[in-house]
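Protein chains in written order, with the UniProt record's numbering: chain A, 1 to 439; chain B, 1 to 243.
Where hints are given, some of them may not hold.
[Said to hold, decoys possible] Some chain A residues flagged as far from chain B (calculated, every beta-carbon gap over 12 Å):
no. : residue
1   : 36
2   : 87
3   : 107
4   : 110
5   : 159
6   : 326
7   : 358
8   : 422
[Stated by the list, open to error] Chain A is faced by these chain B residues, among others (derived, beta-carbon under 8 Å):
no. : residue
9   : 53
10  : 72
11  : 77
12  : 79
13  : 84
14  : 90
15  : 91
16  : 101
17  : 102
18  : 107
19  : 134
No lab work stands behind these hints, which were simulated from the structure alone.
Quick reminder that beta carbons are idealized off the backbone N, C-alpha and C, glycines included.
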Amino acid sequence: MQEWSQLLTSANLQWVLLGTLFLGMASGVVGSFVLLRKESLVGDAMAHAALPGICLGFLLYGRELFALMAGAALTGLLAIYAIRAITAHSKLKQDAAIGIVLSVFFGFGIVLLTYITNGSAGNKAGLDEFIFGQAASLVFQDVQILLGTAIVLLMIALLFFKELKLLTFDPLFAGGIGLPVSFLHGLLSSMVVLIVITGIQAVGVVLMAALLITPAIAARYWTEKLGIMAMLAGIIGGVSGVFGAMTSAVVPGLPTGPVIVVCATIVFVCSFLFAPARGLVFHWLKNKKRDQAIWQEQVLRSIYELLETRYKEHSTSLVFTKKELSYFTHLPPKRVMKAFHDLQKQAFIGNMNDGYFYLTDAGFQKAYQSTLQYRVENVYLMYESQLGTPPFGTEDRDESETALDTMNTELRHLLKKENLEPISFQVYKTTFKPYQNDI
Amino acid sequence: MKTAVNVEKITVAYKKTPVLQDVTFSIPEGQLVGIIGPNGAGKSTLLKSILQLVPKTAGDVSIKGKTVQQQRKLIGYVPQRGDVDWDFPTNALDVVLMGRYGHIGWFKRPKKKDKEHALSCLDKVGMKAYADRQISQLSGGQQQRVFLARALAQDASIYFMDEPFAGVDAATERAIIALLNELKKQGKTVLVVHHDLQTAEEYFDWLLLLNKHLIASGPVSKTFTTDLLQKTYGGKLAFLSSS
Ligand SMILES: Nc1ncnc2c1ncn2[C@@H]1O[C@H](COP(=O)(O)OP(=O)(O)OP(=O)(O)O)[C@@H](O)[C@H]1O
Ligand SMILES: [Mg+2]
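Bound conformation, chain A alone (with noise of 0.2 Å):
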């Protein structure tokens, strides 16, 4: 504890909690639109092809962060201008071009790496924290960098958002309506290179992509809606950010650029699990509600038509097997058992006490309704040459605003006529046994 509030108070770690905090900010931002754009692996292999210039820029001008800066630019867009290259003059794919010139850089970053530290420099170069990220070891010029330019690209992501929207999602309407699309094509490269090179030295080569992309990948299960997205992928980039230097400010020897790395990989989890609509256990529980209304329907409905052919064939019995309800519902016998139950629970069915069954009111209400709106779909689509359609279809079954009109009286017509309407005072408040037995 003692040691948490003593950190806390250095005004030096401060700065570099803030600094992170912005870094995280724009990452996330920024990569909302390096995910959109598919452009993901793009990022990884220019953050990682920027070791070889910070090395570069280090023998060339020794430890000044410009120079390294600069070095980090440099090679780093040069990687992706070879991996344009090589994906338009050969027959390799994009992915392919990624992994060469992503392994050929880094590995030639390592060995100028290598040399710089067996040379007379040695350790104290301290270029090793470029690989993982060492936020603790940020002075005030550096926060002071990375403050500003996390600044100037929120502001520009703000200023050209819709803009920038239009180019990810259609360049070539983008173009169609006179946007300047090479421009705004530069302006986020620009944005990309701007974000990785600065932030390196916290998070380093190897994991700066990820700083980029899982805060927006772990925003996307959240939202339909880009500006909701980029601002969530800020938060979550920020907060890790700033986790990530505390704890390896509190832990010695404990890079930055994996915590960060593995607070926003936990909120990515919780988000692929547990977010609404798009999360796994949500889009699980919705599915099986979605399933067990259905089979319920389709019983109500069952028992409905069983009763109903019975009284049309005079029949006396009302008693019908399990299989029978089992072959009309065309569902297994478990399922309709557990609609069943699941239909007494809501007062849907009632039960006599003596075996015997009957439909409540609201039952067969529900009953009626759901037989009804059935046919009348199916006499729809026996006379639909007939009845034509609506200027712009209604071809969405699934929306209740466009579901057929059961008190259409052309429909209605058109099912007495089929002798499909479904006989009422009959049915109502008769009893029956399901099962022999079983229930």
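Please build the complex by placing chain B with the ligands on the supplied structure of chain A, with the hints as guidance.
Then chain B with the ligands, alone, in the frame of chain A:
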């Protein structure tokens, strides 16, 4: 009659050999124009080069007597549906709003007025009920209608549509054609890439027959002839008409 689109000797090449060569034609205003030709004939490329989305090796395009750049706001565009990522985080209304971006201008957000306009365009294609729907949850035909609504939202006077009928059912196709005729009545010009020779004669006033070179450009009565179609499709037409 005034000229809506004038194209002079355009040549376009992606790799070494041109995919469009010396294409020249002009289209009078207020026509419903079908662009017809086999796969790979360069139909999409023609639209893209008119809209300056791909560089031209040679040639000139003018829209109502001025350059395309000067007339951007008069141009509406429906790209081929397969060209975008339908899992993008956005809804139908938002996509239609993109049609207003050219009018809204830099640094500004869509206003309430733009939203209302976009909604009325969705209504025109029968998609108002789907305004809030995420676009991946729309059927192919519905996505196509959203694209159409976006072009309507552009309030253009010349429309370029790349296969707006691809993947839509017969009823929707008829409804779209009715909509295009409506546009024509308002004096607008509509160019449509179309694949179905069965309906071409019925739908359009004017045809562009294209296969790398321009085969013909003119009123349907003069261009929808076995001779010219044979020339456009080469040997493939026999196969088409016998099937
Ligand atoms: N981006 C590109 N790079 C290289 N070649 C291309 C590119 N786009 C199109 N082509 C080539 O240009 C030619 C014309 O293509 P285009 O898409 O214009 O044809 P189209 O008439 O629209 O065909 P379809 O009916 O199949 O849509 C084709 O041979 C195609 O392979
Ligand atoms: Mg095409």
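* Asked: Is the nearest CB of chain B more than 12 Å from the CB of residue 422/A?
  -> The assertion about residue 422/A holds, with a minimum of 29 Å to chain B.
* Regarding the assertion that residue 107/A does not contact chain B, is the least Cβ-Cβ distance greater than 12 Å? -> It holds; residue 107/A is separated from chain B by about 33 Å at its closest Cβ, greater than 12 Å.
* **Closest CB of chain B to the CB of residue 110/A still more than 12 Å away** => Consistent with the label, residue 110/A stays out of reach of chain B, its closest Cβ about 36 Å off (over 12 Å).
* Asked: Does residue 102/B meet its interface restraint, that is, does its C-beta lie within less than 8 Å of any C-beta in chain A?
  -> holds, 4 Å
* To do: Please verify that hint: residue 101/B, Cβ, nearest Cβ of chain A, below 8 Å or not.
  => Interface hint status for residue 101/B: holds (6 Å vs cutoff 8 Å).
* To do: Return the status of the interface hint for residue 79/B: holds when the least beta-carbon distance to chain A is below 8 Å, violated otherwise.
  => holds, 4 Å
* **Closest C-beta approach of residue 53/B to chain A relative to 8 Å, hint status** => Constraint on residue 53/B satisfied, holds at 4 Å.
* Asked: With 8 Å as the cut and Cβ atoms as the points, is residue 91/B at the interface with chain A?
  -> Status holds, d = 6 Å.
* Asked: Far enough from chain B: is every CB of that chain over 12 Å from the CB of residue 36/A?
  -> Answer for residue 36/A: violated, closest chain B Cβ roughly 6 Å.
* **Cut-off 8 Å, beta-carbon criterion: hint that residue 134/B touches chain A** => Residue 134/B check passes; min Cβ-Cβ to chain A is 4 Å, inside 8 Å.
* With 12 Å as the threshold, tell me whether residue 326/A passes as away from chain B on beta-carbon distances. => Correct as stated: the minimum Cβ-Cβ distance to chain B is 33 Å, above 12 Å.
* Once the closest CB in chain B is found, is it more than 12 Å from residue 358/A? -> Consistent with the label, residue 358/A stays out of reach of chain B, its closest Cβ about 39 Å off (over 12 Å).
In terms of the numbered hints stated before, the structure departs from hints 1, 5, listed from lowest to highest.
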